[in-house]
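Chemist: The listed protein sequences derive, respectively, from chains A and B.
Sequential numbering of the first sequence, starting at 1, is according to the numbering used here.
Sequential numbering of the second sequence, starting at 283, is according to the numbering used here.
Do not rely on the hints blindly, as some may be mistaken.
Said to hold, decoys possible - Computed footprint of chain B on chain A; a stretch qualifies when at least three of its residues, placed anywhere within it, have a C-beta under 8 Å from a C-beta of chain B:
1) 23-29
2) 35-44
3) 62-76
4) 87-99
5) 134-147
6) 255-265
Please keep in mind that the hints were generated in silico from the structure rather than gathered at the bench.
Note that beta-carbon positions come from the ideal geometry of N, C-alpha and C, so glycine has one too.
There are 2 protein chains.
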Amino acid sequence: MNKKILIIGLGLIGGSYAEALTNKGYEVYAITRSQDSIDYAKEKGIIKDGTIELNKDFISSFEFVIFSLYPTVFIDWIKKNKSLLNDNALITDVSGVKESVIYDIKEELKGTHIEYVSHHPMAGREVYGVKNATKEIFNGANFIVTPFEDSSEEAVNTIKELGEVLGFKKISVLDPKTHDEMIAYLSQLTHAIAVGLMCGNDNTHLKDYTGDSFRDLTRIASINEDMWSELFLMNKEALLKEMDMFNKAMKELRDAIENDDIEKLKEMMRTSTLRRSYFKKD
Amino acid sequence: MNKKILIIGLGLIGGSYAEALTNKGYEVYAITRSQDSIDYAKEKGIIKDGTIELNKDFISSFEFVIFSLYPTVFIDWIKKNKSLLNDNALITDVSGVKESVIYDIKEELKGTHIEYVSHHPMAGREVYGVKNATKEIFNGANFIVTPFEDSSEEAVNTIKELGEVLGFKKISVLDPKTHDEMIAYLSQLTHAIAVGLMCGNDNTHLKDYTGDSFRDLTRIASINEDMWSELFLMNKEALLKEMDMFNKAMKELRDAIENDDIEKLKEMMRTSTLRRSYFKKD
């Protein structure tokens, strides 16, 4: 992996990447929208330097560029500014959805020598911005590389190495479609449920009676609406499919309760307990 | 509060009560179905003595009796064995639902001098049995007393004292109906959702990609089917109402996604974030 790295987008994830990479001896530079974020990151020593400007000499001096932007912003950036990139660069991005992002980017890069291999760092916090960045969020987390069928082995290996250097626990490779189905279930459906649970009924007057169980379950109900609304819509097909399957199960459960069908209830609970056992921590 | 206490039902909760009360200097005796549980509890010093037999001389020697049984088992016990109780006893129970339990018990006790004030210790674990009992589960948890309109102040105060002695963080008093509505939302709906999420789709092949977020959310998907199926059916009306409200919100969310209505999505996420903020820990 190239020792000199450019991170475009210095938010929670970009900032945490910067901290982790600087900590491991890489020379990290950043481009982001706010001068304040650059100043903060320089002062904290998590980047070597940075700018809010788009300068071809500066940008093209990097052979490895990591985009840590919202998916739509990333696509826009490439459309408008791809000519600023080094023609031999390897680029990657952290988008939480893949199919609706990476094929557009690949199309845009046709006719260049830029190689693009996407990945997804499955880590985050309920807060955002570089000021909340910390490399600790990658401890124990999953890092998923989502190459194209024709991606070079070298590029895929570099992105896997990135995951290792950042300190992720497990590095996997998944095709983009499988990634999006996985994320629709494990991440998006659960966020949708937390939002649905909060919106269904204004039960905030019950706050004094709750325990850690409800708090754990609804931690993700505190949600960044700009990012997540975009992620939901960009993975619409897979998410709607998961929502429909969940809804069907909730309907079965509801019918069993309405009909006092205790055997059906127990059967569903046994299925739930069994399946949950697969998700236990190693 | 009487220094000599009888606990009927020595499972996770009954055993944890025994440990906490013994630890505070009370003389704790137990009746339960398995001799093994009695032997274990005696050996660990969490009860002074216990038996699997129903002996009138023994049972009637107690002026304070705590029932830690499944709701239906508790009702059965009272129906069959109420004549064994001291006619001046104060009795209480830990049932997780109230309206469908406590009026039946009250009816059974008509014509006796036994006073009955119910309560709900909002604490638990995903494991059960006296061997998993520990007084630590009450730290930071809520204890809710659910008296009748005509309960004596003295009895209500004794049950509140029980909550304090056990080490609960917050002791509240709620009428039975409000308790059941609260529990339908904060506890039963969330358990139903966790079960629905696991039953909707066999996604166990995705286990390698999950993070702590999904694990936190589905911790309660590992569920004691005998107890929870009973609790669901005994609070049917309130639970179905909450499930329907949740379902309506999920439908709104689904429609917004299907129609690419990003403004509606953001609005729901903002509502979710705002309401969740009320549930933050003190």
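Chemist: Check each numbered hint against the structure and report the violated ones by number, ascending.
Modeler: Violated: hints 1, 2, 3 and 4.
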